[in-house]
Amino acid sequence: MSFFSRKIRVRFAPSPTGFLHIGGLRTALYNYLFARKNKGDFILRIEDTDQTRSVPGGIEAIIEVLNKVGLKYDEEPYIQSKRLDIYKKYALELVKKGKAYYCFCSTERLEEVRQKQIGEGKLTMYDKKCRDLTEKQRNKETKKRTPYVIRLKVPEKGVTAVDDIIRGEVQFENKLIDDQVLLKSDGYPTYHLANVVDDYLMKITHVIRAEEWLPSTPKHILLYKAFGWKPPKFAHLPLLLNSDKSKLSKRQGDVAVEDYLKKGYLPEALLNFVALMGYNPSAEQEVYSLEELVRGFDLEKINKTGAVFNIEKLDWLNGVYIRKKSLDELVDLCLPYFKESGALIPTISPPIPREVGEQGELEGVDKNWLKKIVALEQERLKRLDEIIYLTEFFFKDKLNYDPQILIWKKMNREDVKNTLNKLLLFLEKIPEGDFIREKLERLIKDFIRDNKFAAGDMLWPMRAALSGRQASPGPFEIAEILGKEKVLQRIRDAINKLG
RNA sequence: GCCGCUAUCGUCUAAUGGAUAGGACGCCACGCUUUCAAUGUGGUAACACGGGUUCGAUUCCCGUUAGCGGUACCA
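In numbering that gives the first Met the number 0, the protein residues as written are 0 to 498.
One thing to keep in mind: the hints can contain errors.
Here are the computed lysine to any residue pairs in the SDA-like style, where the Cα-Cα straight-line distance is at most 25 Å [claimed, not checked]:
1. Lys397 with Trp407
2. Lys232 with Lys244
3. Lys142 with Val169
4. Lys127 with Lys71
5. Lys142 with Ser184
6. Lys224 with Gly97
7. Lys174 with Glu110
8. Lys67 with Glu328
9. Lys324 with Asn66
10. Lys483 with Lys381
11. Lys381 with His191
12. Lys71 with Pro266
13. Lys143 with Gln116
14. Lys71 with Ile301
15. Lys202 with Thr26
16. Lys244 with Ala306
17. Lys88 with Asp49
18. Lys115 with Lys174
19. Lys381 with Ile301
20. Lys408 with Asp492
21. Lys408 with Ile447
22. Lys366 with Asn417
23. Lys71 with Arg35
24. Lys202 with Val169
25. Lys371 with Leu398
26. Lys246 with Val169
27. Lys428 with Lys408
28. Lys38 with Lys397
29. Lys485 with Leu497
30. Lys98 with Lys244
Estimated spans, in silico, between C-beta atoms of each pair [claimed, not checked]:
31. Ile85 with Glu119: 39 to 45 Å
32. Asp396 with Lys451: 32 to 38 Å
33. Ile85 with Pro55: 22 to 28 Å
34. Lys127 with Val307: 37 to 43 Å
35. Val307 with Arg436: 30 to 36 Å
36. Ile164 with Val286: 42 to 48 Å
37. Gly118 with Arg166: 33 to 39 Å
38. Glu311 with Leu132: 35 to 41 Å
39. Asp177 with Ile85: 54 to 60 Å
40. Lys312 with Asn495: 28 to 34 Å
Simulated from the structure, these hints should not be mistaken for lab results.
Computed from a prediction, not measured in an experiment: that's the story for all the values here.
Using N, Cα and C, we set each Cβ at its ideal position, and we do this for glycine too.
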């Protein structure tokens, strides 16, 4: 950093529409990465200048999600609706300078003008009726208390160039730029005014935002010029897309970060995933910690193309992060899902084998016991919420399943029944204390060998009987968790089912 | 309509004026295995099209096409 250069300052500036959009998360993340990489500041600014669209609790929702995913911002969040007088002051200043003007046109008239223009196949722009009002005309309207807005007096000639870090120079003809409203009739600023004034006041050095803002950037640059301020640098991020390539939206899947969190996507997976939609700091690596992302971050490397949100890859990545968790962490992460599902309510799963561990009981269920269950599914989990379905059969007394699944390959009903009967007799003789995975495995495998069974002929029906599932963890680990009594019970049930 | 942006496997991406265009997800096959998963190995699949520039273009330029974004007293 040279002696003269200012400290890097960026901001994330969402509107509180009720939830944080996944695209917003990516924008926030890139701002964060850029700030951290450059030892700068990352500011949160709430752009709630549309009274009709602000949702109660919207601000809190955004802050909560940012906290949950660990994107820490510097300073207290700035709330634009609390800064109304500032924007008004600056709007008036522009009027005084002759760079903006009062407009008394009603929305009805504006709509008429627009319709007429559409009918004639012309551009839909304000017709500048009030642009050159005399002071007399103006005073007349003011006296009548006609509602007004303040509009920017956009130059009618020339070109405004945006120098974008990601896209290079983009030019816009001034004559195609509308005389933008800066201050609305309700006294609130529009996005354009508030954004420019705040970025100036908050000493923002780099505006990193989504590509949808690129077309309004010349308006912003014109505003900086009108004020006599130096514009920040701009970087317009490629959009996040639905699979049909339209801008990522609800209707085609979840769009709220909160929804992903609820389903059991881990914050680190979400950040990792979203970071890679736009660029990759290296050629081979796919899994990045936040620190690694910071280290490798470079605005110039971001590509220009929109990125389709590919949930399958997110699922894979989330699985990677789940497998990296320690068992203790994972159990804690799964706990809310167990609780919500009611799986832990003892009435549903009464006598279960207990080892009362030092961690104690949890709503009637021993945590060590729960740990064993979670351990079995760790490598199968893609989302935390799947833990419920995956482990359901541990908590139930009666399993409901089609007896057909008990039948392995070319065996028939009778074969399976006989096999299970033999297994039952054998297991009955095994002492309860030997219902430990390794021990059971050795005993049963010996038994299989001694009786010249094919392993699958015995183990498949056993596993299916214990789980009631086509696919599940192996029979020995399930047996250990269920304990002798339940194991025998389930095998008897299976035999009965086979008729 | 007008303005703007963009174009590498189905998807996310890497790289390059000269390479068999690399990785990941997905999918397929095989190995491991009692199933599933995990894991290992291998495979599938891309430079939108047409002109230039150049000894040589996926890469640079122009155009076409397509996609997307914007076109509000919404952000």
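Notebook entry, point to check: Is it true that the C-beta distance of Lys127 to Val307 lies inside 37 to 43 Å, as the hint says?
Noted result: holds, 42 Å
Margin query: Need the status of pair Lys142, Ser184: alpha-carbon distance at most 25 Å?
Written below: Distance of about 15 Å is within 25 Å: holds.
Next item on the list: Indicate whether the distance between the beta carbons of Gly118 and Arg166 respects the range 33 to 39 Å.
Entry: holds, 35 Å
Next item on the list: With a cut-off of 25 Å on the C-alpha distance, tell me whether Lys246 and Val169 pass.
Entry: holds, 22 Å
Margin query: Run the distance test for Lys71 versus Pro266: straight-line Cα separation, threshold 25 Å.
Written below: Measuring from Cα to Cα gives roughly 13 Å; hence the hint holds.
Checklist line | Satisfaction of the hinted span 28 to 34 Å by the C-beta atoms belonging to Lys312 and Asn495 | finding: For Lys312 and Asn495 the Cβ distance comes to about 45 Å; the hint is violated.
Next item on the list: Below or equal to 25 Å on CA atoms is what counts here, so check Lys143 against Gln116.
Entry: violated, 29 Å
Next item on the list: With a cut-off of 25 Å on the C-alpha distance, tell me whether Lys244 and Ala306 pass.
Entry: Status holds; Cα separation ~8 Å.
Next item on the list: Compare the distance between the alpha carbons of Lys202 and Val169 with 25 Å, and conclude whether the hinted pair is satisfied.
Entry: holds, 24 Å
Note to self: What's the verdict on Lys71 and Ile301, does the C-alpha distance respect the 25 Å limit or exceed it?
What the structure shows: Holds, at about 22 Å.
Margin query: Would the hint linking Lys202 and Thr26 be met if the CA-CA limit is 25 Å?
Written below: Distance ~19 Å between Lys202 and Thr26 Cα, so the pair holds.
Check: Falls inside 32 to 38 Å, the C-beta gap from Asp396 to Lys451?
Finding: Given about 35 Å between the Cβ atoms, the range holds.
Checked against the numbered hints given earlier, this structure breaks hints 2, 3, 4, 10, 11, 13, 19, 22, 27, 28, 30, 35, 36, 38, 39, 40; the rest are met.
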